[in-house]
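Asks: Heads up: the protein sequence lines correspond to chains A and B, in order.
For the first sequence, this note's numbering gives the first residue as 1, with consecutive numbering after it.
For the second sequence, this note's numbering gives the first residue as 1, with consecutive numbering after it.
Fair warning: there could be bad hints in the mix.
[Stated by the list, open to error] Not everything, but these chain A residues come out facing chain B in the computed CB check (under 7 Å):
| no. | residue |
| --- | --- |
| 1 | SER25 |
| 2 | PHE39 |
| 3 | LEU196 |
| 4 | GLY199 |
| 5 | ILE236 |
[What the hints assert, rightly or not] Computed footprint of chain B on chain A; a stretch qualifies when at least three of its residues, placed anywhere within it, have a C-beta under 8 Å from a C-beta of chain B:
| no. | region |
| --- | --- |
| 6 | 143 to 150 |
| 7 | 171 to 178 |
| 8 | 204 to 214 |
In case anyone wonders, no lab produced these hints; they're calculated from the structure.
Glycine is no exception: its CB is placed at the ideal position from the N, C-alpha and C atoms.
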Amino acid sequence: MNSAFIDFMRIRFLTMLAYRVNYYSGILIYTLNIGVYYFTWQAIYGSSGELGGFTAAQMTTYIAVSWMARAFYFNNLDREIAADIRDGSIAIQFIRPINYVMVKMMQGLGEGIFRFLLLMIPGMLIAILLFPVELPTAPSAWIGFLVMLFFSFLINSQINVITGLAAFFVENNEGMMRMKRVVVDLFSGLIIPISLYPGWMSAVMKVLPFQAITYLPGSVFTGRVEGTAIWNVLGIQVFWFAVLLLPMVLIWRKARKRLFVQGG
Amino acid sequence: MYYMGLIWEYLKNYMKTRLTYRADFWVEILSDLLFQATNLIFIFVVFRHTDNLGGWSESEVLFVYGYFMVPYGIFSCFINLWGFSERYIVKGEMDRILTRPAHNLFQILLENVDPPALVGSFIGLIIMIFSGAEMGLMLEWWHIPALIILALSSVMIYAGIYTTLTSLSFYSDAPTGILPLMYNIQGYGRYPVTIYNRAIQVLLTWIIPFAFVGIYPAALFLERSEMHRMALLTPVMGLVFGSMGLLLWNYGVKRYRGAGS
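Just chain A, same shape as in the assembly (with noise of 0.2 Å):
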C-alpha cells in the first residue's frame, strides 16, 4: 500500500527528470524575476535603512530565497485535478484501491524533489553569485528553514488540491485556479513582505494560511526570525497544515457522492 505511493512519488521524479530540459529555463525565469525586484527595492531603499522591519541586504535576501522556495513548491495539482475532472477520468481513480487525493500529493512530492534538486538550488546558487544574498550563518536557521519549506510545499498542495476538486460543484474552476494564484502570490508575501502592508491589510493577511508559505520560512532564512521563536512560526504552519486537511477531506467526501461524468 504505502510502496504504491512511494511508486507514485519516484515515477513522477522520473518523468520529470526525463524532461528536464523543458525545466531549465525556469531557472532563468526566477531569476529574473529576483532580479526586477531586486532592483525596484534597490530604488526604494535609497537612503533609507528600514523598512517594514527589513534592512536592504534582508530584502534582497528575502525576495531570492522566497522566489527560489517558489521555484520548489509550486506545481499545477489543481489544473491536473481539474482535468481529470472535466475528462472524466476521474471516474478511473475512484475504482482504485488508492486515495486519489493521497495520489495527488504524492505526485506532488515526486515534482517537489525534482524541483528542489534541479531548479531550486542551482537557482539559488546563480542568485547567489548574481545578488548579493546572505546567507544565514546559524545552523538552527538552516535547519529550521528546511523544514519549514516542506511544510510550504505541504501548504501549498493543499491549497491547490482544494481548488483542483472545486472543479467538482462548478463546471469550470478556471477562474477560481487564476485568482488563487494570485492570492497565493500576494497575500504569501512572496510579491512584497506581509510587514510592508498597511496596518490592516498585514492584519488579515496574518490569520490566513498563505502566509505560512513564503512569509514565515523566508523570516526564519533572513534571520528576522532566530532560536527558540523558530519554534513559533513553525507551530503556525503546523497549525495550518492541520487545519487545511479539515476541508481537503471534506470536500474530497461530499464530492464522491455528486461526481457527474459529461459524456464519455
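Chain A is already provided as a structure; the job is to place chain B on it using the hints.
Replies: Chain B in isolation, oriented as in the chain A frame:
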C-alpha cells in the same frame, strides 16, 4: 480589402463560439485583470514607504504602468502565438493554413484573436488619465495622435520579438521555453529603466527593447526631457523589429515540412 473582409469573417466566427460560453468570457477578463492588479498593488504598497522610485513619483510610475497596459492589451488581443509549436507544427495544422491564399501569419493571428485582452488597454487608459490628472498634466491636441502612434509602435516591437522567437519553432519542434522567458523580461519595461544597472539598460533598449513598450514612450507625455529622444525613437524601433520579425518568419516558413500525419 480582401484582408479586411477576412478580419470581419473571423471576428464573427469568434463571437459565435465565445457567446456560447458567456461565463468563461467574464472569468477570463477578470483573471487577466487580477494579474495586472498584482503589479498595481506592488506600486501602491511600495510608495507607502518611499516618495520616489529612482527619481519618479508614484503618479509617474502609475502613468507608465497605465501606458504599459495599452500596447500590451492590443498585442495580446491580436498576436497570440503561445501554442503555435504544439498546434501548428507538431499537429501539422500549418498544412491547412498554407493551402489557403491569404498570408499564413495573418491567418494564424486571426485564428487566435483574443478580444477580452483589450479590456486591459482600456483600464490602462483610465489609469493614465487619472494619474495624469493627479499630476496636473494637461491634455493637448498632439497627445492623442502621439499615443496612437507610440502604442502601435510598441505593439510592433512586441510583435517583432514574439514572431522572431516563434519562427524558431520551424527549426526545432522541441519546446524551448523561450516565450515564457520573454514574458518575464517584458516586466522590466514597466519601471524606469534607470533603476537597473548599465548592462540591463542596454539590453532593454537595444537588444530586447522592452523599454520601448513602457517607460520611454510614456516619458514623452510626462515631459521627462531626459527620455524624449528615446521616446521619439519608438516608431523607428517598432518598424525595425516589426519588419525583422516578419522577414524571419517568412524565411522560417519555407522550412516547414508538415507533420506527416
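Asks: Checking hints one by one. Is ILE236(A) an interface residue toward chain B, by the C-beta closer than 7 Å rule?
Replies: 23 Å, violated
Asks: At least three residues with a C-beta closer than 8 Å to a C-beta of chain B: is that true for the region 171 to 178 of chain A?
Replies: Coverage by chain B holds here, the residue count being 4 at a Cβ distance below 8 Å.
Asks: Under 8 Å between beta-carbons, do enough residues of the region 143 to 150 of chain A, three at least, approach chain B for the coverage claim to hold?
Replies: violated (count 0)
Asks: Hint SER25(A) vs chain B: min CB-CB distance below 7 Å?
Replies: With a closest approach of 3 Å, the SER25(A) hint holds.
Asks: Return the status of the interface hint for GLY199(A): holds when the least beta-carbon distance to chain B is below 7 Å, violated otherwise.
Replies: 10 Å, violated
Asks: Does the closest beta carbon of chain B sit nearer than 7 Å to the beta carbon of PHE39(A)?
Replies: PHE39(A) check passes; min Cβ-Cβ to chain B is 5 Å, inside 7 Å.
Asks: Report holds or violated for chain B covering the region 204 to 214 of chain A, Cβ cut-off 8 Å, minimum 3 residues.
Replies: violated (count 0)
Asks: Minimum Cβ distance from LEU196(A) to chain B below 7 Å?
Replies: 6 Å, holds
Hints 4, 5, 6 and 8 from the list above are not met by this structure, while the remaining hints are.
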